[in-house]
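Given these sequences and hints, build the entire structure.
Protein chains: 2
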Amino acid sequence: MEGKTFLRSLCLISSGFLLLLVFRSSPNFPSSNNTTTTKNLLDCSLNSPWCTSKNRFQPKPKPDYLQNHPNLIITNHETRIPTHPLDPLTVQEIKKTRSILLSYPPISTSPFTVHTLVLEEPDKHLVLNWVKTEPLPPRQASAIILTNDGSHVLTIDLDLNRVIRSVPGPVSGYPMMTIEDMTSATWAPLSDVNFNRTILARGIDLVDLACLPISTGWFGKKEEKRRLIKIQCYSMQDTANFYMRPIEGLTVLLDMDTKEVVEISDNRSDIPLPKSANTEYRYSRLNKNTHTYFKKLVNPISIEQPKGPSFTIDDGHVVNWANWVFHLKPDPRAGVVISRVVIHDPDSGTARNVMYKGLTSELFVPYMDPTDAWYFKTYMDAGEYGFGLQAMPLDPLNDCPRNARYMDGVFAAADGMPFVRSNMICVFERYAGDISWRHAESPITGLEIREVRPKVTLVVRMAASVANYDYIVDWEFQTDGLIRVKVGLSGILMVKGTSYDNMNQVPKEEDLYGTLLSENVIGVIHDHYITFYLDMDVDGSNNSFVKVNLVREDTSPGESPRRSYLKAHRHVAKTEKDAQIQFKLYDPSEFHVINPSKETRLGNPVGYKVVPAGTAASLLDHKDPPQARGAFTNNQIWVTPYNRSEQWAGGLFVYQSQGEDTLAVWSEKDRPIENKDIVLWYTLGFHHVPCQEDFPIMPTVSSSFDIKPVNFFESNPVLGIPPNVENDLPVCKAAASA
Amino acid sequence: MEGKTFLRSLCLISSGFLLLLVFRSSPNFPSSNNTTTTKNLLDCSLNSPWCTSKNRFQPKPKPDYLQNHPNLIITNHETRIPTHPLDPLTVQEIKKTRSILLSYPPISTSPFTVHTLVLEEPDKHLVLNWVKTEPLPPRQASAIILTNDGSHVLTIDLDLNRVIRSVPGPVSGYPMMTIEDMTSATWAPLSDVNFNRTILARGIDLVDLACLPISTGWFGKKEEKRRLIKIQCYSMQDTANFYMRPIEGLTVLLDMDTKEVVEISDNRSDIPLPKSANTEYRYSRLNKNTHTYFKKLVNPISIEQPKGPSFTIDDGHVVNWANWVFHLKPDPRAGVVISRVVIHDPDSGTARNVMYKGLTSELFVPYMDPTDAWYFKTYMDAGEYGFGLQAMPLDPLNDCPRNARYMDGVFAAADGMPFVRSNMICVFERYAGDISWRHAESPITGLEIREVRPKVTLVVRMAASVANYDYIVDWEFQTDGLIRVKVGLSGILMVKGTSYDNMNQVPKEEDLYGTLLSENVIGVIHDHYITFYLDMDVDGSNNSFVKVNLVREDTSPGESPRRSYLKAHRHVAKTEKDAQIQFKLYDPSEFHVINPSKETRLGNPVGYKVVPAGTAASLLDHKDPPQARGAFTNNQIWVTPYNRSEQWAGGLFVYQSQGEDTLAVWSEKDRPIENKDIVLWYTLGFHHVPCQEDFPIMPTVSSSFDIKPVNFFESNPVLGIPPNVENDLPVCKAAASA
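In order, the protein sequence lines correspond to chains S and A. First residue of the first sequence? That's 1 in this note's numbering, and the numbers climb one at a time after it. First residue of the second sequence? That's 1001 in this note's numbering, and the numbers climb one at a time after it.
If you are wondering where the hints come from, they were derived from the structure by calculation, not from laboratory data. A portion of the hints provided could be inaccurate.
[What the hints assert, rightly or not] With a straight-line cut-off of 25 Å between C-alpha atoms, the simulated SDA-like cross-links for lysine to any residue are: (1) S:K567 x S:G540; (2) A:K1508 x S:L512; (3) A:K1598 x S:E726; (4) S:K486 x A:A1613; (5) A:K1508 x S:R570; (6) A:K1124 x A:P1641; (7) A:K1577 x A:N1542; (8) S:K486 x S:A617; (9) A:K1221 x A:V1262; (10) S:K508 x A:S1556; (11) A:K1225 x A:T1258; (12) S:K567 x A:K1623; (13) A:K1225 x A:D1192; (14) A:K1676 x A:S1541; (15) S:K584 x A:L1619; (16) A:K1598 x S:N502.
Here it is as structure tokens:
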């Protein structure tokens, strides 16, 4: 099918679909209701309103090379039963929860939408004490449901077959959008005659229209008491990369529940629609001349492991690799959740706790343009859009190497029915040619020694596509006990239309708020903050946070030929405010989480440290509404006492929240954190000043931080890893077609 | 041969060797001369005094799997002739230079040692204008020679067959030590009866002794006018890891030329020799139980490329890979020198200049202990020890993956004769499972798009073992135009003996200057600074340095619902002081090198930026003698106008220098740098507070920075790279023995 025709057909079909879905799932029926019902649409809607997913309980067959492998992840989701206290809700459990909810008022009596439906994790002590031979703790579900009465936070006991707790949601702040919220919102303006007129006046064919649902943030009282969203649109004429063709200055304010157009701003019709030229990025559509150059110059290369990977994923979720064991699950909000992280100690022969739970808690992505169509772009991608919901199936061989294994996500749609996001997470062993440790003796000593050990790591990866942007999140486990958490940014910029097509037209004093990337296209400056929740349990739950500050000491006259040296001062944080950390290059510290009850053989406290790498700090005014909501980025590190209800740094109800329930607010309570079960929060940051290389799609930019043992082991725990020898390595030949 | 016997024999043989070498090569013959001459020793000495190297002109045969490969590096050094203006001196050229020098007074009339003998690179404009079909510019050698008269900097023209320039060295500061300086110095104290008596008094057998040559730094007038070195010793009884068994408090001050013991300090004979238990790290000597755990859990894994690598190394030194071309050579001081870095532009179809020359200019490693036996440990590893001289042959399959190719170094020994350091540099393509760029459409837009490109890079690596420490230096080239410079630290700590074997014995107020790592062993806190010389030539030699400062702008009341946003302010540096940069997290900037005469199609200045990652800053008092010598670490970035004589950040003559010829001094001249041929200097830093995991050998710690295109290309230059497809990838099976 030719590209444009295909896209148009797709749009029209989706449009029909989605209006139907709105009808079925919205608590408030849309006023203008022109649904088309056909048999196959109804069939689809029997299962779930989200029909754009083709991955129901029968995911596509795995590619051949993954078929007969012993480490294949269980994919029969229909029959799967949980085997670990932290296993996510199964298809059957989601269905059961839904049926319980359907007979529970007000859900039984009112239209409703399910915004969250996940495992209510058992109390930590139950999980820690559980052993595999014992039955699971009671299985419970946690649901956030929106009805005509507002939001409800419910706990459903699946053994007791009933709702055991129901709490109303807060006055301000709404739950995470459903996929159905987002998709239906993008099409809703088409029901508005004035909107259509505006589009046509811009010279754009309605079938070329692609719109995005943009969270509104919160900027004052007039935005309260209803779920609002802003819609901005693009032209997908002659390109799949519609993001590069913004209809600049056109913003529709929409009521997300009624789908009513509240306001249309159409301010910059003077700005031309940027051209489609050079925006395409799909390999099949590129001019062949573009890629011939690379095709012939890079020979096939692959990470090969013909004996198969060294890890297992037991019972679907427990990853066992080298000296590590942890529980891995997909989550609609956080994406990846890593739990019960345990490492084998070669000295004691025991398995030791490192971290109870680690996840991406929230993102904050403020754009740096205060003008009308841009000021509100201050995304919080987890709490508003669902970082896991946006994690699409990974592309085997490209998103992850050939030796990767994949895990599906099982989530609930807006109607409470389960759906499967296939291949949402991959797990693979990485050998990148790096060195775990080495030493060669030099001619100085004359000893003939050269001992080098290759570094092999285990990577857990997902990639979330929050509309234009793609976030690649890696948890990488090293055999030496280090965990590297890395975030890569790729995808497509959110750009702004401009009348300029060359910098020589721009008056010297005019602020473009970004960089001219192509004719009539500005890449607007923005930041990315990704805040991680790290419930460290170093050899047990009760830990302390220690700032090891490196301070210059000056020697006394005559004491030494040296005037100065660095000394490490240890400060144990007593309360939360002691642990609000901003990094300073000229006042450096290490940040340890220690177990004050455990010492090494030599009397050092056992610990892990958080090691920052390149990062950025938010410079926005703390009283700026977006920064108040994103106040969890005011410091790079925070430490709080463990509290079940404090997992989402921007609050549980982030959408249109005012910042009343963020990590920054909790930390101000200044609770004791010494020798307590503590949670460490770390924020990775990026300032992004776009450049032409980011057009039409961005090369990946990454940053990371490490969680690293510090006097946790008695000595180097990988002293014993063997070197590579030729006779062990794979025997390979080139593919016939390569 | 059993370990200890082997070591003892080795020591005795080496000892004999080295005393002989001292006799032959030192400008001042040692006073107590008990050389043993045998025929084979003399044979060896006919070639070069450095007999510990077994890699003469016939390096060991390459392993089988490297044999018949088209990309094999030329190894017939005896007959090799230069083919590029920047090619290092060949074996023949070094011999020729030596013969010219031997008839040049005062070398012809006095004992001498050759401290540097390398190519005198032709003037930059000659290199830039040279084309392959033309003859090379005149070949010249640059030599630094020490005679009884002091040091001499000489230029030798190999076509004219004569010395064309001779300049005396500075009054203070000595040339880089030769390997012979270092090795002979470690054995020299054995000629001193008092020294031997001291060792015996410590209860140590002389055959177990291993000593290290420690540069003295400079701490005052009394250390001037002779080449001094400090020797500290260890016991290698029952371990190859003698570094963990320091004879604490014993320091010998030695005259490096006369080998005369100037002073013996023996202060802490109360401190016991740490035990050898658990110090061994050689795989063959470890308790098999230690490594069985890992052996069985990690299946073989390899980067495989059965069609061979995609790069060529033309004429031995010009690397051609994907869209990159550059000249690569080993250097005795810098290690790796990358020159004439050029990238293919897919838009224009042309090759464009990026960097004229990049190298590791200097290292500064101050230890943070001001006491008697430690205060002077403030190493400058390039200018004192020779970062390239210390780069040992890489271990195939472990230092570099199986698909790597190797390059030998050809250097001059102290007598001016050439020797070959085989496999000193490796080059390989890396596929680590990473993603070059990606985008998947989410259900929000409903488009069925998932485009992902794997990231394949080219790595140039060397590993220098400066006695205990191992530095792994990678230059990694990405197809998107980014160059990542990464330094990994591994090897063995320099440790301090202590009487404590548990922290509970340490009085609360006592400063250990580090961490107790094992019984009686302290890992002393220290910093590492690695300063890179980056002669950027972005699309030509005349460039400017631009600081793009991100500053918070506050909106006026009523202007916007936002109170604040970030704006990029561009500051073009006029002179050197404008470009002395200390990083500030809360005052962030980008650092661009632009070509002010070139713009993109859209009118943006073409440029590259330096992107810092995790780093550390030196906090020492600027007036502290070590910091005065290491003053090039006072900022993280400096920019200077190109000047042939300013390549070594710590000065040309670093040994015992007083800091009078460092980058910090040059930069204070505040010369104009706008639209000039400029050099950017970047310092990578690490604070290292040792922990028990660093014992007995350290897991690698890495940090890096990037050199990255910013509006250099008109658009993403890797839009055209193809995705991986199954049919192109290698066909592998497990090795029979795996």
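If any of the earlier hints don't hold here, list their numbers in rising order.
-> Numbers 1, 2, 3, in rising order.
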